[in-house]
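Student: Protein chains in written order, with the UniProt record's numbering: chain A, 1 to 707; chain B, 1 to 707.
A few of these clues could be false.
Copies of the same chain are indistinguishable here, so a pair counts whether it falls within one copy or spans any two.
Below, computed lysine to any residue pairings styled on SDA-like, alpha-carbon distance capped at 20 Å [claimed, not checked]:
1) K347 - F427
2) K524 - E239
3) K157 - P185
It is worth saying that the hints were derived from the structure and are not from the lab.
2 protein chains.
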Amino acid sequence: MDFSSFLTSLATSFIIFVVLVLVFTWLSRKHSNDVIYYPNRILKGLDAWEGGRRTRNPFAWIGEALRSTEEDIISMAGVDTAVYFVFLSSVSEDFYSYVVFVNGLWFYHWQLFFSCKLKTTTFVEFSHAKSPRLWAFLVATYWVSFVAYFILWKAYKHSSKLRASALAEPKLKPEQFSVLVRDIPSVPHGQTRKEQVDSYFKELHPETFYKSMVITDNRKVNKIWEELEGYRKKLARAEAVFEASKTIEKPDGTKPTTRTGCLGLLGRKVDTIDYCNEKIKELGMKLDAEQMITIKERQLDSALVFFNKKTAAASASQSIHAQNVDTWTVMEAPEPRQLIWSNLSIKFYERQIRKYVIYVIVFLAIVFYMIPITFISAFTTLDNLKKLLPFSKPIVEKDAVKTVLEAYLPQIALIVFLALLPMFLMFLSKTEGIVSESHAVRAASGKYFYFIVFNVFLGVTVGGTLFSSLKTIEKNPNQIVPMLGRNLPKNATFFLTYVALRFFVGYGLELSRLVPLIIYHLKKMFMCKTENEVREAWAPGDLGFATRVPNDMLIITIVLCYSVIAPMIIPFGVIYFGLGWLVLRNQALKVYVPSYESYGRMWPHMHTRILAALVLYQITMIGYFSVKEFYYTPFLLPLPILSLFFAYVCNKHFYLGFRFTPLEVACKSSKEIPNMESVFQAYIPPSLSMDKFEDADQFEDAQSQTS
Amino acid sequence: MDFSSFLTSLATSFIIFVVLVLVFTWLSRKHSNDVIYYPNRILKGLDAWEGGRRTRNPFAWIGEALRSTEEDIISMAGVDTAVYFVFLSSVSEDFYSYVVFVNGLWFYHWQLFFSCKLKTTTFVEFSHAKSPRLWAFLVATYWVSFVAYFILWKAYKHSSKLRASALAEPKLKPEQFSVLVRDIPSVPHGQTRKEQVDSYFKELHPETFYKSMVITDNRKVNKIWEELEGYRKKLARAEAVFEASKTIEKPDGTKPTTRTGCLGLLGRKVDTIDYCNEKIKELGMKLDAEQMITIKERQLDSALVFFNKKTAAASASQSIHAQNVDTWTVMEAPEPRQLIWSNLSIKFYERQIRKYVIYVIVFLAIVFYMIPITFISAFTTLDNLKKLLPFSKPIVEKDAVKTVLEAYLPQIALIVFLALLPMFLMFLSKTEGIVSESHAVRAASGKYFYFIVFNVFLGVTVGGTLFSSLKTIEKNPNQIVPMLGRNLPKNATFFLTYVALRFFVGYGLELSRLVPLIIYHLKKMFMCKTENEVREAWAPGDLGFATRVPNDMLIITIVLCYSVIAPMIIPFGVIYFGLGWLVLRNQALKVYVPSYESYGRMWPHMHTRILAALVLYQITMIGYFSVKEFYYTPFLLPLPILSLFFAYVCNKHFYLGFRFTPLEVACKSSKEIPNMESVFQAYIPPSLSMDKFEDADQFEDAQSQTS
């Protein structure tokens, strides 16, 4: 890719971004789009617009985002999101501190650049072999690393504080009073599962045990409940349609009809409202019966145990209960909304086996996915394209087409390619047997990170020249580090464009929300009949950390690894994270609704991966300098070791405070015993909820038993 | 080494053993030796001899050892010793099960052996290359592994049961009510350390916190106390001497005198009794003052915290207390007698650094110790000796000398060599900052195990031919496994003699206790004047697991690795562990007094190392078969993986139950609150003990504060 196509790419991206921002400014002022641009405020019962609609400056959102405090974020979007902003701001701060330092070193080079003497691919690369100035770059590598340590430490400390103060809040959080017990041994003769659990915990925690809830196999009852809900929706819809058909000409309206067969297309034609009412009644009775059966007979070997004190629950969740450690395993209970019920019944060793099997699958996926990516990056040079697809020659040789293709083809191929993956990884993570949504998100994010770094970063870097250098690796496996150092500079422009594309187009689309807007309007126009259906059509979803975080990590890896070789990438990095901070601040305050709260447990995960990127950077630097035959390259060797040591200290100092709830933190909030019944009720899944029955007491007895 | 020297070695060892047993039978019947042969019974206040002295069969000890139950062992020698016997009996059981199976396969070979057709070094080695009978040996390898899994699992289960029932005993154990807190942050302004600890724990454990004891720097007070004790002993001794000098001729006796200068050799001559009395008075006052200062001013950042419930202490010791995990670190308190006070003040990161530094030192010691061992095993062939020390030629060429030298020289060199090491390793382990004696023993034992396996087993096996094969390794590092397989058979006779030497001479000496007996009688005759001094002279010590366990592990490694190649070693293994069981059973019941009780925490340590030996065996087998160019060698590859999997399952199922006290176990014993003051008192070190003061209350207040 030459210099003009690089500029074209940048310019196009920037224009798209400007257009998207203008579109956002225009569309977000329309009242009918409020549910797309302000759903979080609406769901929280706030006014969509703080000021009046007319008086507002079109760019007011920027000011609002900048003025918003951490407390605003926590109250609007939770601690996880606040921690994510700690991450964004520290990374951009981090990169910003490099701009001054590293670009200062490049002064001479910039001069050349601005005097247009350098327009070839080398403009981003420092090519003075054995230059004495390499010393300065060695110092820069140290500077980059130490600033990273300093900022990471500060960020970890801050996240830890955020987590602790959120956990110590006096607001009732059911998960703080509960622990999850798995792998309960088989029921002794003459006892029910319930009695077994109750007597076990009552003996070990006589003062603090409140109640237990045995986990049941809800698949069957969930199915009936979903069917019932389906008919309820259908009924509401039919009634809405019926109301709408009552025009002045036809005051009685037409009753909607449906067919009873497959998908409502075949079978007998019936009156929808009557049919639904009948079905609802029938299913309601079936549900009642099924609920009874589920509660009594489908008990699994897991339970939720409730304590009347936070410290008791925190300390119980950290203690070994049984002598055979693979029975009565205890852990902190996740929030009710993020508990994955279907995974609770998986047995101890099955979980372990699943975990390792999935690690192997992910490993294979990472390794063998490299093959198609390598092909793509080898294909998507225009010369190759012309050679392999000769019929395309007349098209791609037109200047305009050529420039655009050269600028975008590789990146778009990559992005599309990667869009298919997250769902697969999320599925794998849930299959591991993880019990909480947030943990599954972290697991998927971790897998995605490895995938993306190995395949996109290393794949493109090494793979772009893989066909030529495959033989070198085969002959000499310890040539990987120097090869990395050799190949890195060649791909600098590719990654520069990649980063630019991500922040201009990516954040432009994020801000303008064009896709959800279009989907919403289409749905509203053609499908939604009831208020509930409309509400579902604009449900904003959450920030989607499972893909957002690893993508950010990829950018960090790229920017770090190129920071010394091609320092032009650092401002790009600053823009990526700075713009990201601004746009996502707006989205977090006004759009997204978090679907769970894990009190910042994402941070250690991100911290480790930033450090991994840093180590990768330090290793590629060693490779880069040794390729330059720089005599003092060994001076860089302490850096990766230092990074590992830093990781170790951070881990020892902070990590367990994220893994568990320290007693100190659990103890801080009010010491009164809360309304324990509401804690218990919070965990009853909707399909088993009895609140519609008047004689709920009889089930209460089967489901739980007050101590 | 040829066959005749092997037989000579065996015969000599056996004769030594018989002589030692006879000596034991003769000496142990004398009343004056009771304190050497029955000290444990005497210290426990039991009659040394259960039956009358005269009526006893000289071999009654064998019957007594065989009849003794596990409960006897636990009551006489503690759970740790009982677990050690579980280890001995399972290993001998394990090996016994091989005898039948593997030796059956060798039937043909034995025939040859007994018909005296095989008298060369190869008699122990199966040398039919590519024989179809190798199949049978592959099956034998599987058999050996699976029997080992089965027996190890049973033993782990049994040890776990022993541990649980010992922990659940109603007898008061102060350590079950205490936790050790380290890394307490600096004292906030206006509080004492004591108040800080008390208020912190009282807040987190309001119902169960009883009291705390701040750890002090006792070096100075210990020194004074030791000096004081020294003078007390001297006084007692002088009085005894004075009493003894009152003969009928000289009814007033002569007062013993001493010199006040260096070592009692220089300086003014004074009356010892008066001098000591004066010194004791002086030091007593100094001690009082120092105790006050220590308690008030030399407080460190550690404390012992006492709870009034076992479950509270167990659960507190497993919970993260502070948000910064490297402060307020909490662990189970060790027994008062095994608490290493001087290590308590070492800071968190210093401990980590010390640990890794010591790992590096041990690693270096293991690797570079190999060099002398290699030299020894290369030197100690007679041919080398003759070549290198030509003057020794006339001596070593005499037949008798030659045979003895050939038989013993290498083994004795090795044994002497290894005797120097344990103290060094124990010193290193204590330097790590470990707080309990039992943990330090385990750490030293682990280091010794690695040392002994790498240096004795691998060193002799590979090193015996190292000079010839060093070049092969250098050229081809992945040739290590086949080389092991190739070299193993060559050293079979060496290890056969080594094992025989260990059990005949080792256990013979163990049983006869010749060395302690001689030392005791010498001391009694020339040095001991008072009852206390005599008591110190016969103090039996404990079983010394730090060296005993790794030596047993070495034997297991040797026997396993040779079990298929040279199955004659298996009966030797059975004898080693069988005889060991018998002899040590006697010693545990009558001689040794355990110096600590860790409730079987040695078992997981031994279990892991037995498995490591098993994996080493499986790998050498792969090497051995592949050297034989046996086509189906890959069939052995699943075995090491299976072993790792077995280790993983055992670890998950049992390990944490040994690492911590499970709540279930802590909860089992009586629920009454014990005499907490005695728990507290148990932890006061003798140098700080105030019981001789009448106004102890005033110190009580400084040292602790009742909640």
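Student: Compare the structure with each hint and give your call.
Tutor: Hints, verified against the model:
1. K347 - F427: Close inside one copy (19 Å), not across copies (44 Å); limit 20 Å.
2. K524 - E239: For K524 and E239, only the intra-copy Cα distance (17 Å) is at most 20 Å; the inter-copy one is 108 Å.
3. K157 - P185: Between. Shortest inter-copy distance 17 Å satisfies the 20 Å Cα cut-off; intra-copy 41 Å does not.
In this structure, every one of the numbered hints holds.
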